[in-house]
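Here the protein sequences line up with chains A and X, keeping their order. Our numbering puts the first sequence at residues 3 to 236. Our numbering puts the second sequence at residues 377 to 759.
No lab work stands behind these hints, which were simulated from the structure alone. Check each hint, because a few of them may be wrong.
Straight-line C-alpha distance at most 30 Å; calculated DSBU-like pairs for lysine-lysine [stated by the list, open to error]:
{"no.": "1", "chain 1": "A", "residue 1": "K131", "chain 2": "A", "residue 2": "K82"}
{"no.": "2", "chain 1": "A", "residue 1": "K130", "chain 2": "X", "residue 2": "K388"}
{"no.": "3", "chain 1": "A", "residue 1": "K14", "chain 2": "X", "residue 2": "K523"}
{"no.": "4", "chain 1": "X", "residue 1": "K750", "chain 2": "A", "residue 2": "K82"}
{"no.": "5", "chain 1": "X", "residue 1": "K750", "chain 2": "A", "residue 2": "K78"}
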Amino acid sequence: MTDKNSNDTLVKVQGVDKVFKRGSEVIHVLGGLNLEIPNGEFLALMGPSGSGKSTLLNLIGGLDRPSEGTIEVGGKRIDKLSNRKLAGWRARHVGLVFQFYNLMPVLSAQKNVELPLLLTTLSRAERKKRAAIALDIVGLSHRAGHYPRQLSGGEQQRTGIARAIVTDPTLLLCDEPTGDLDRKSGDEILDLLQALNKEQGKTIIMVTHDIHAAARATRTLHLNKGQLSTEAID
Amino acid sequence: MKYLYLIFSGLKRKKMRTGLTILSIMVAFILFGYLTAIRQAFDAGVEVAGADRLVVRHKVSIIQLLPQSYEAKMERIDGVDNAVHSTWFGGIYQEPKNFFAQMAIVPEELFDMYPELVISDEHKAAWLENRSGVLVGRGLIERFGWKLGDRIPINATIWGKKDGGRTWEFDLVAIYDGAEKGTDTSQFFFRYDFFDETRAGGTGQVGWYTVRIADPDKATEVAAAIDAEFANSAFETKAEPEGAFIQGFANQIGNIGFIIMSIMSAVFFTILLVAGNTMAYTVRERTSELAVLKAIGFTDQAVLGLVLGESLALTFVGGVIGLGLAWLLVSTGDPTGGSFPVFYLPTRDLFMGALLILAMAFIAGIIPALQAQKLQIADALRR
Chain A
3 MTDKNSNDTL VKVQGVDKVF KRGSEVIHVL GGLNLEIPNG EFLALMGPSG
53 SGKSTLLNLI GGLDRPSEGT IEVGGKRIDK LSNRKLAGWR ARHVGLVFQF
103 YNLMPVLSAQ KNVELPLLLT TLSRAERKKR AAIALDIVGL SHRAGHYPRQ
153 LSGGEQQRTG IARAIVTDPT LLLCDEPTGD LDRKSGDEIL DLLQALNKEQ
203 GKTIIMVTHD IHAAARATRT LHLNKGQLST EAID
Chain X
377 MKYLYLIFSG LKRKKMRTGL TILSIMVAFI LFGYLTAIRQ AFDAGVEVAG
427 ADRLVVRHKV SIIQLLPQSY EAKMERIDGV DNAVHSTWFG GIYQEPKNFF
477 AQMAIVPEEL FDMYPELVIS DEHKAAWLEN RSGVLVGRGL IERFGWKLGD
527 RIPINATIWG KKDGGRTWEF DLVAIYDGAE KGTDTSQFFF RYDFFDETRA
577 GGTGQVGWYT VRIADPDKAT EVAAAIDAEF ANSAFETKAE PEGAFIQGFA
627 NQIGNIGFII MSIMSAVFFT ILLVAGNTMA YTVRERTSEL AVLKAIGFTD
677 QAVLGLVLGE SLALTFVGGV IGLGLAWLLV STGDPTGGSF PVFYLPTRDL
727 FMGALLILAM AFIAGIIPAL QAQKLQIADA LRR
């Protein structure tokens, strides 16, 4: 568990380049990017499509590796970890929330939330108990036995958030969490994220196109052509 | 164990496709079990053949007779413990479809040569006392519903009687059981002395000899010595191990083992493609879900294991149900109505079926599993 709203740096990105190759074409998505994110911050990352927001999020979350540069999270270099160690690190320290929820359609909300706990040594009863707590936090206890197809978009995203927080991760990474929701449901999700940041001290990095959503964050950064700035770019 | 529900929930995703694939696998394993039992029926004699027994027949053909006097000569050859003769009767009981083996043999020698035929002392004594008595295997008894004391008429196709008649009547006085599951209990043995005195021709001649040798490792040498003993005579011999003799006899119908193996190979190859296709679709459709599993901390190896686990679950359910149904079908009895000497699914082949299930699961699942293992999370989440 992180210290609530402490100011020490949790994420340190230094000189990060990310290059994709598509056939003979080389695409520079991020170039020499530097970023520090303090513990307990709720950071919004904005920028036009293709600006590298999701790529940066993936790099910080250990879902991808930089072509150059270093990434430290909680003082640990994650860009040098083996695949196996990186998977273990993600399981312990990162919670992920996706735009399209990415729930397992054949599992109930309860089982979806339990998924990350399968990687722990917790007993079945303990896994069930923790999943119930996570669902309670997002206000979905009464829908635990329902399958994703039986849930509204907002409820599915709440389930996704419950899955992200069930292991009590250091870092919550949200890739356009309200992008597929109507305004009301989106606001509910943002309320929830804000509560997790303020009340539980979760460090949150949220990629969004939505100024309204970004306004909920404690800091907003804009990414354009692989470079960060605090100013929005038209 | 905690991943089991994840594996089975993957299979529930497309119930129709999973069901049809399981059904295909099940049918393949029913065929496997049933055809294995048929092959076993043809191979049974070979498998229970004594390693210490040779069969000596006429060099030209099994239907050419040999002199009865050869028995004593064979028993004088170094390495031969005992020699007994048998003569094929080839009669018909009621109608030709009721085929079974009938042989004339010397009772005392039969007991000594074939310990796998289990006969009570009481039945042995009854047979020795009754010249027209017959010893019948349990399988044949059950096939025709015979009981001790029955008089069984057999119409001769080869051996007419001295009185010109073609119908031989035998008294059912003794029953034998098999010491092993594979022992042929469909045979009908009657006394050679009665046969030799009653038949119209061929007196003093027998069909073939079964020779027990002292050292099975010297079977080749003893066989050569027997053939050498009768070389250049009017009745030259061909001696060979009992297993090879029975196999040769079975091969007159055709190489059943090869035919069955060919059918099963074609079936399994087809089913492998079906199962492999199912697994490939399963992985392709769930690329983003597998990526999410990796994103939340499942290792590459764990994802590989999950896909292989699904493949195993798919083939296991189909394979086990298929083997079970095959076993039940085989238990209902011989499809020929009793012409097979034995008809059962050996435990050894059930284990072979279990190995086939594992092999099929691995082969069908390994390529999709490796694709899932290599999946790049960021790429897959973008799809």
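query: K14 (chain A) and K523 (chain X): Cα distance at most 30 Å?
result: Status violated; Cα separation ~93 Å.
Given hint K82 (chain A) paired with K750 (chain X) - CA-CA distance at most 30 Å: Roughly 18 Å between the alpha carbons, so the hint for K750 (chain X) and K82 (chain A) holds.
task: Please work out if K750 (chain X) and K78 (chain A) have their alpha carbons no farther apart than 30 Å.
output: Roughly 25 Å separates the two Cα atoms, so the pair holds.
message: So if I understand the rule, the pair passes when the alpha-carbon distance is 30 Å or less; does K130 (chain A) with K388 (chain X) pass?
response: Holds, at roughly 22 Å.
message: Hint check: K131 (chain A) vs K82 (chain A), CA-CA at most 30 Å. Holds or violated?
response: violated, 35 Å
In the structure shown, a violation is registered for the earlier hints numbered 1 and 3, in ascending order.
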